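Engineer: Residue numbers (our numbering), protein chains in the order written: chain A, 1 to 322; chain B, 1 to 291.
Just so you know, the hints here were simulated from the structure itself, not pulled from any lab data.
Only a predicted model underlies this, so the values are computations on that prediction, with no experimental measurement involved.
Hints are supplied without guarantee of correctness; some may be wrong.
[What the hints assert, rightly or not] Now the in silico label distances, taken between C-beta atoms and shown as ranges:
hint, chain 1, residue 1, chain 2, residue 2, range
1, A, Gln269, B, Phe56, 38 to 46 angstroms
2, B, Asp175, A, Leu98, 46 to 54 angstroms
3, B, Glu166, A, Gly77, 50 to 58 angstroms
4, A, Lys74, B, Pro274, 53 to 61 angstroms
5, B, Gly7, A, Met248, 55 to 63 angstroms
6, B, Leu28, A, Asn264, 20 to 28 angstroms
C-beta atoms are modelled at their ideal positions from N, C-alpha and C, and glycine is treated no differently.
The lines below spell out each chain.
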Amino acid sequence: MSVTLTELEQQTAAHAQPITKGSGRWKLIVTNYDLYLLLVPGLLFLLLFKYAPMYGIIIAFQDFNIFDGFMGSKWVGLDQFEKLIHSEEFYQVFINTLLISVYKIVLLFPIPIVIALFLNEVRKALFKKTIQTIIFLPHFLSWVIISGLFINILSPSGGLVNNAIQWFGGTPISFFLDNQFFRSVVVFTAGWKESGWNAIIFIAAIAGIEQEQYEAASIDGAGRIRQMFHITLPGIMPTIILILILRMGYLLEAGTEQILTMYNSVVYQSGDVIGTFVYRQGLGQQDYSFSTAVGLFNSLVGFILIIAGNELSKKLIKRSIW
Amino acid sequence: MHKKTLGDWTFDIGIYLVLLLCGLATLLPLANILSKAISEESAVISGKVGIFPVGFQLDTMKYVVSSNQFLHSIGISLLITVVGTLLAILLTAISAYPLSKRHLPGISIIMVMFIFTMMFNGGIIPNYLLMKKLHLINNLWSLMLPALISVFNMLVIKSYYESLPEALEESAKMDGARNFTILFRIILPLSVPVIATIALFYAVYFWNDYFHPMLYINDAGLKPLQLYLRDIVMDADSSSAVNKSADDLMNVSAEGIRAATVIASIIPMLLVYPYLQKHFVKGVLIGSVKG
Numbered sequence: 001m002s003v004t005l006t007e008l009e010q011q012t013a014a015h016a017q018p019i020t021k022g023s024g025r026w027k028l029i030v031t032n033y034d035l036y037l038l039l040v041p042g043l044l045f046l047l048l049f050k051y052a053p054m055y056g057i058i059i060a061f062q063d064f065n066i067f068d069g070f071m072g073s074k075w076v077g078l079d080q081f082e083k084l085i086h087s088e089e090f091y092q093v094f095i096n097t098l099l100i101s102v103y104k105i106v107l108l109f110p111i112p113i114v115i116a117l118f119l120n121e122v123r124k125a126l127f128k129k130t131i132q133t134i135i136f137l138p139h140f141l142s143w144v145i146i147s148g149l150f151i152n153i154l155s156p157s158g159g160l161v162n163n164a165i166q167w168f169g170g171t172p173i174s175f176f177l178d179n180q181f182f183r184s185v186v187v188f189t190a191g192w193k194e195s196g197w198n199a200i201i202f203i204a205a206i207a208g209i210e211q212e213q214y215e216a217a218s219i220d221g222a223g224r225i226r227q228m229f230h231i232t233l234p235g236i237m238p239t240i241i242l243i244l245i246l247r248m249g250y251l252l253e254a255g256t257e258q259i260l261t262m263y264n265s266v267v268y269q270s271g272d273v274i275g276t277f278v279y280r281q282g283l284g285q286q287d288y289s290f291s292t293a294v295g296l297f298n299s300l301v302g303f304i305l306i307i308a309g310n311e312l313s314k315k316l317i318k319r320s321i322w
Numbered sequence: 001m002h003k004k005t006l007g008d009w010t011f012d013i014g015i016y017l018v019l020l021l022c023g024l025a026t027l028l029p030l031a032n033i034l035s036k037a038i039s040e041e042s043a044v045i046s047g048k049v050g051i052f053p054v055g056f057q058l059d060t061m062k063y064v065v066s067s068n069q070f071l072h073s074i075g076i077s078l079l080i081t082v083v084g085t086l087l088a089i090l091l092t093a094i095s096a097y098p099l100s101k102r103h104l105p106g107i108s109i110i111m112v113m114f115i116f117t118m119m120f121n122g123g124i125i126p127n128y129l130l131m132k133k134l135h136l137i138n139n140l141w142s143l144m145l146p147a148l149i150s151v152f153n154m155l156v157i158k159s160y161y162e163s164l165p166e167a168l169e170e171s172a173k174m175d176g177a178r179n180f181t182i183l184f185r186i187i188l189p190l191s192v193p194v195i196a197t198i199a200l201f202y203a204v205y206f207w208n209d210y211f212h213p214m215l216y217i218n219d220a221g222l223k224p225l226q227l228y229l230r231d232i233v234m235d236a237d238s239s240s241a242v243n244k245s246a247d248d249l250m251n252v253s254a255e256g257i258r259a260a261t262v263i264a265s266i267i268p269m270l271l272v273y274p275y276l277q278k279h280f281v282k283g284v285l286i287g288s289v290k291g
């Protein structure tokens with residue numbers, strides 16, 4: 001979802017809203033009927049592929065049976081949620097989700113900022129461009145390919161990393177089959193894929209800082225290090241806070257699609273997150289109602305976090321996502 | 001002028017070193033797998049291949065790219081990517097236009113309907129059941145239709161429209177142009193940079209998606225590239241495809257095949273990447289700075 005951060009940034013640009021009085025409303029609607037027509041395909045899309053699945057959530061309150069359908073299945077109220085609360089497996093999954101997500105925020109969030117700050121100091125255009133081209137690239141590779149790359153490089157038999165470990169006298173580690181290391185693999189590969197690309201929003205924010213500030217500081221005798229800490233960093237601070245708050249909104253999204261390409265039953269204990277759990281229980285075990293309940297719990301918490309984050313950002317930096 | 005002090009020099013060298021290391025860390029896994037794909041099989045099997053190839057052969061690559069299943073999957077992925085991207089960009093660009101007219105009655109409510117779907121969704125199971133109900137399981141439309149509008153992408157295009165000078169539309173209206181004409185003749189041609197960037201994002205999404213094919217496609221004849229790749233990468237040595245091919249060819253190992261398949265799957269992306277890169281950097285920067 002890194003792309004989305006860049007895009008959200010734009011939404012912060014507030015636009016003045018012309019006020020229309022009641023009398024002109026019908027005239028506006030009639031003269032612009034063709035604008036409303038343009039919305040028809042988009043609205044149909046929304047209803048069918050976004051809102052219809054929301055209706056499907058009712059099966060979380062049922063003992064859903066595919067043959068009886070939405071209407072025929074038995075209603076069980078909050079039984080599925082009770083099962084969820086008492087499920088030890090869910091508790092483990094919830095902890096895994098939080099751990100992986102928090103590790104990703106704490107360890108990976110600062111990297112793009114540092115990359116952007118450093119790239120900004122590079123005066124050699126060719127070097128700058130080359131590095132950018134290289135570090136943006138992994139963002140465009142699929143998780144399957146990235147799993148392939150790291151399964152290869154971390155392989156206990158002939159993988160680069162284990163060859164190095166053995167060379168130093170250690171014993172090879174099966175990173176993908178070891179509960180002690182699996183989360184680190186998840187966090188590291190996520191960093192490898194997105195760190196460079198995530199810098200783009202900060203690069204853009206730096207480009208928006210007024211040049212006069214640097215000139216003034218330079219005249220006052222500030223060196224480049226001081227300029228970086230006293231002009232560039234404060235200049236992008238609102239962006240940093242905004243992106244961080246947004247990131248918090250996705251706290252329970254620990255990387256479902258990533259982990260699905262990497263894990264296996266051996267590391268469920270450390271690597272199973274809410275998203276992968278829903279997938280396994282729902283489509284693997286056909287336990288539709290229970291996994292929909294888990295999914296609903298996930299969506300609700302996510303929803304609350306995003307709303308709270310938006311309010312927080314309004315208060316803190318007077319910018320909001322919508 | 002500020003003179004370069006010793007501190008500045010260390011600062012510079014430090015920065016260049018850190019960035020260089022970032023670049024190398026990015027390239028290392030790619031160099032390693034490329035080397036495995038084109039090294040002598042005996043070196044691959046004995047784990048001697050590091051960053052550089054040991055010996056040289058293209059048999060494995062040739063074998064992989066001439067495999068029917070591989071070519072078939074590439075074809076499916078191309079189809080989904082081209083058709084999906086075209087439809088998605090058309091629908092997104094069209095929907096964004098009325099939404100940029102905030103003074104129109106009802107628009108803000110419709111806007112809320114769009115934005116709400118960014119924050120709340122039905123989840124995996126209700127989506128799966130919907131596809132089943134629509135008879136789209138094992139149908140390539142299931143991979144395209146639900147992704148035709150990304151609300152995030154639409155908001156980017158919308159705010160780009162809003163940044164265009166209003167006088168353009170007003171003068172066109174004076175000349176008697178209708179909204180349709182204004183959108184297709186004036187607004188869209190002016191929005192090419194942002195449209196191209198968003199089209200790239202859609203294309204990357206369709207090309208790289210393995211999650212939805214995994215949910216909705218189990219017919220082997222409809223497997224897109226990422227799903228085919230997943231079978232080879234994830235199934236380790238048990239993959240029948242890999243084992244069979246290893247028997248067929250003397251100079252080919254399962255590991256070599258895996259490496260070559262990954263490389264062959266990256267190649268299409270690498271071919272278009274340098275061309276696209278200059279667009280998205282420009283597009284993203286245009287979008288973000290102006291606010």
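Engineer: Give a verdict on every hint.
Structural biologist: Against the structure, the hints come out as follows:
Between glutamine 269 of chain A and phenylalanine 56 of chain B the beta carbons are some 43 angstroms apart, a value that agrees with the proposed interval 38 to 46 angstroms. Range check, aspartate 175 of chain B to leucine 98 of chain A: Cβ separation about 59 angstroms, and the 46 to 54 angstroms hint is violated. Separation of glutamate 166 of chain B from glycine 77 of chain A is about 54 angstroms and conforms to the stated range, judged on CB atoms against 50 to 58 angstroms. Judged by the Cβ atoms, the range 53 to 61 angstroms given for lysine 74 of chain A and proline 274 of chain B holds: they are separated by roughly 58 angstroms.
Between glycine 7 of chain B and methionine 248 of chain A the CB atoms are about 37 angstroms apart, so this pair departs from the stated range of 55 to 63 angstroms. Against the hinted window of 20 to 28 angstroms, the Cβ-Cβ separation of leucine 28 of chain B and asparagine 264 of chain A comes to about 25 angstroms, which satisfies the hint.
When the structure is compared with the earlier hints, violations turn up for hints 2 and 5 and for no others.
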